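Protein chains: 2
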Amino acid sequence: MSAYTRLEQRFKRLNALKEAAGVLQWDMSTMMPAGGAAARGEQLAALEVTCHELLSAPETAELLEAAEGEAEALEFWARANLREMRRRWRHETALDPALVEALSKAGNACEMVWREARAQADFAMVLPSLKELLGLVRRAAVAKAEVLGGTPYDALLDQYEPGGAAARIDGIFDGLAAFLPGFLSQVLERQAAAPAPLALEGPFPVETQRAFARRLMERVGFDFARGRLDESLHPFCGGVPEDLRITTRYDEADFTKALMGVLHETGHAMYERGLPAKWRLQPVGEARGMAVHESQSLLIEMQVCRGAGFVGYLAPLAREAFGGQGPAWEAENLLRHYNRVEPGFIRVDADEVTYPAHVILRYRLEKAMIAGEMEPDDLPEAWNAGMAELLGITPPDDALGCLQDIHWYDGAWGYFPTYTLGAMAAAQLFAAAETAVPEIPEAISRGDFGPLMAWLGEHVHGLGSLYGTDDLIERATGRPLDPKIFEAHLKARYLGDS
Amino acid sequence: MSAYTRLEQRFKRLNALKEAAGVLQWDMSTMMPAGGAAARGEQLAALEVTCHELLSAPETAELLEAAEGEAEALEFWARANLREMRRRWRHETALDPALVEALSKAGNACEMVWREARAQADFAMVLPSLKELLGLVRRAAVAKAEVLGGTPYDALLDQYEPGGAAARIDGIFDGLAAFLPGFLSQVLERQAAAPAPLALEGPFPVETQRAFARRLMERVGFDFARGRLDESLHPFCGGVPEDLRITTRYDEADFTKALMGVLHETGHAMYERGLPAKWRLQPVGEARGMAVHESQSLLIEMQVCRGAGFVGYLAPLAREAFGGQGPAWEAENLLRHYNRVEPGFIRVDADEVTYPAHVILRYRLEKAMIAGEMEPDDLPEAWNAGMAELLGITPPDDALGCLQDIHWYDGAWGYFPTYTLGAMAAAQLFAAAETAVPEIPEAISRGDFGPLMAWLGEHVHGLGSLYGTDDLIERATGRPLDPKIFEAHLKARYLGDS
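Top to bottom, those sequences are chains A and B.
Under my numbering, the residue at position 274 of the first sequence is numbered 274, and the numbers go up by one with no gaps.
Under my numbering, the residue at position 443 of the second sequence is numbered 443, and the numbers go up by one with no gaps.
Looking at chain A on its own, in the form it has when it is part of the complex:
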């Protein structure tokens, strides 16, 4: 048996164990009673140690070297698989086990303090823990950069967005940061001149919302023989390609949020569902990275479902499902709800126009902190200055400011930019799909996602990790990631330019 074939077997087991951990995590968020937390922690830790040992075993390194020596003989996709195996191996073995353990403990400890600090809007409370954690994250970034090349920040980014580089993102985000404030003023001015959205009067029973959400998921293409919709505090898409587990959270006073949240997660699920079955449980068969993943959820949510075509389809169905009456239930009014722009303090509540400003702020700050150009002591001040510059508002306290997101406080540095890279990729991919398949808009206005999904299946979902993100986008759209396409989408939707 060749070294490569033995690696395939090893990664198959490794990925099956990772998927087992994924089911346990889904259960933890949706089903597990509070008392089960400690036992679940032991189960997940045992799986993590087992996976780490499997990947960092001397035999894995030997097999990788042997397989790379005979890579010429492999098919194209198997070579890509070997590349992805090596990538996983590099990340897993770059850090001293003592540093991995210290990071895990410091992350858990800091997150605990952060929960309390956020509740009390007391940044000073969490500052010592954050400084300790950042010290470890910097060490990890330096160690990974030595193995991967690039800067320490790039090494962190690479965990979420393989091949991502800050030098490139800087250019993209600087352009966007220059565009956004002026654009936002225009949007707000235009919006102020138009009628305010009429209120949709509830209550909207959870059971009705759930049934309606399921119906729309099926329109997008979700197959309930291969997945579920459940509830959790923080919505997510978990599970495996043949058994996708979407969650949401319902508000009986407002059906619009859970509905769009479910459609967002359905975008993630459709990506996972469409991953290449023949490369199942192999690294090359996995989703490409967080930017592409986010592009798929945002393509469904932002590009399609908040667009006039889909909302025109949605409005009469919503009116019927919830027994609504009057002009508030007209498509035009529902569209005003779904396209409302309003600068606010909280990223997860932000609209499509102001969201990138939240991300750019975090990206700049975390990059400076990883590089040692800024210390956490200066975070609240720098945060508030950035909010004033990008959105023209200043948080009244740190709970609405630099304490709002969990990421930094549990060790996830380098993640933030993928949200906005995903938003831009979504705009570019959707534009390319519409150009390639002109019937897509009309089909969507009938609730038919077939033509769009067929194009996405061919150009994104079915490719897994065969190509890098840049390559994937260029092959699908004919050009590298281009922020102008995202800007054009924003102008068309919010200023009526086209």
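These are computed hints drawn from the structure, not numbers from a lab.
Please note that the accuracy of each hint is not assured.
Chain copies aren't distinguished; within one or between two, either way the pair holds.
[Stated by the list, open to error] Within a straight-line C-alpha distance of at most 30 Å, the following computed BS3-like cross-link-like pairs (lysine-lysine) qualify:
(1) K278 with K105
(2) K12 with K105
(3) K18 with K105
(4) K491 with K257
(5) K257 with K484
(6) K105 with K491
(7) K278 with K484
(8) K105 with K131
(9) K278 with K12
(10) K12 with K491
(11) K484 with K105
(12) K257 with K105
(13) K12 with K131
This structure is a prediction, so every number in the text was calculated from the model and none was measured.
With chain A's structure known, arrange chain B on it following the hints.
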């Protein structure tokens, strides 16, 4: 670090991985959509291989030998833990890996054919698969017997009931088989002379049944911060001591079955919940075996909840929960339902009096087949002869006869006797508890399980696998397992003798 301490760490990881598999199995039975089966199979297989490798690794054998060499220095419970580790190791390593794989494949294949054969009542259809499987099971039994001592059948039994021996069970079951037919005639005669139970008129909505079942579970002592109640095709109790997952199946025309089924599973759950926390994830901290486990479910269901004291508490609550009216809802009538005796073909539907006959029949047949004294070709005839002898009825076809249970067809030979050993242990333990704590009956008639659970916690639950089954029963009740106590319970309940 001592060899023993390293073994503790190794078994901690091993058991955490086994618990992870348990959560995946619960999910598979309750939540998983049909499409997820293949991926789940990969996840479970990866966990099983990982656990097997961990236990059968040369290092484990070395550590066991080293630890046994210095066992004198260990505390009592740690020596018991080491004994249980060795037991697990012996079972795991007794078989050639090729035989393990062949058994697994033959079991899966035979089970598939059996489903169809049972549906068509066609024993000939499954006979070749059953013969092949039995051949492998015999080989496994011989191989395990060489390692464990005892007969090949004892080696199979030991998988479910550690230390169990057919020579001892023969004596117990022969006595019971001699007692039962005459006793059954007396019961049926007495029952015929009494009024027939009045029908309880439904429908009984699932939601009402569920809420009522949850309320009674809480009375027994189940803590919903540490467990759940869900639905599955085949009811079971899964999960871990801090997170117990009971399932049931509802029939809207009859609430009595699901209710008693839930109380049965609650008995299993209370055992798991009461296992010693300080030995968590160690073999000595686990439940003693299937006979003791079944004794705990049957103690709650049969000894307590089908008794007059508890039914007297239950009847007015049931009437209120389901809005019942009239004499059918009196305790006396509900008791007639719950103590109805009627010889039938199907084991899982059998009452407390006829159930042992089903088990004794299977025990005798499987023992003969493992010993090579009988071949599967003769099974239908031998089955029907046994049913005529023990219960005086003859199945009209094999679906109601030797095709009804999954056990033999998926390779679980040596399991059946634990059901009736458990029933006898339940009677003996409950009698001892009532003698030791005289207020138990009165407390139960008020729905207060506290005094009973305190006694069980001390004498059964909290001991884990510290003692063997025989030892545990003798320590708890002052004498070895004594079938006369079970017979006395039956006479008291069904003939009014006391």
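Checked hints:
{"no.": "1", "hint": "K278 with K105", "result": "between (38 Å within a copy, 24 Å between copies)"}
{"no.": "2", "hint": "K12 with K105", "result": "both (29 Å within a copy, 20 Å between copies)"}
{"no.": "3", "hint": "K18 with K105", "result": "both (21 Å within a copy, 25 Å between copies)"}
{"no.": "4", "hint": "K491 with K257", "result": "within (24 Å within a copy, 64 Å between copies)"}
{"no.": "5", "hint": "K257 with K484", "result": "within (28 Å within a copy, 66 Å between copies)"}
{"no.": "6", "hint": "K105 with K491", "result": "neither (46 Å within a copy, 61 Å between copies)"}
{"no.": "7", "hint": "K278 with K484", "result": "neither (36 Å within a copy, 62 Å between copies)"}
{"no.": "8", "hint": "K105 with K131", "result": "within (14 Å within a copy, 55 Å between copies)"}
{"no.": "9", "hint": "K278 with K12", "result": "within (12 Å within a copy, 36 Å between copies)"}
{"no.": "10", "hint": "K12 with K491", "result": "neither (46 Å within a copy, 59 Å between copies)"}
{"no.": "11", "hint": "K484 with K105", "result": "neither (42 Å within a copy, 58 Å between copies)"}
{"no.": "12", "hint": "K257 with K105", "result": "neither (35 Å within a copy, 49 Å between copies)"}
{"no.": "13", "hint": "K12 with K131", "result": "neither (38 Å within a copy, 34 Å between copies)"}
The structure is inconsistent with the numbered hints 6, 7, 10, 11, 12 and 13, although it conforms to all the rest.
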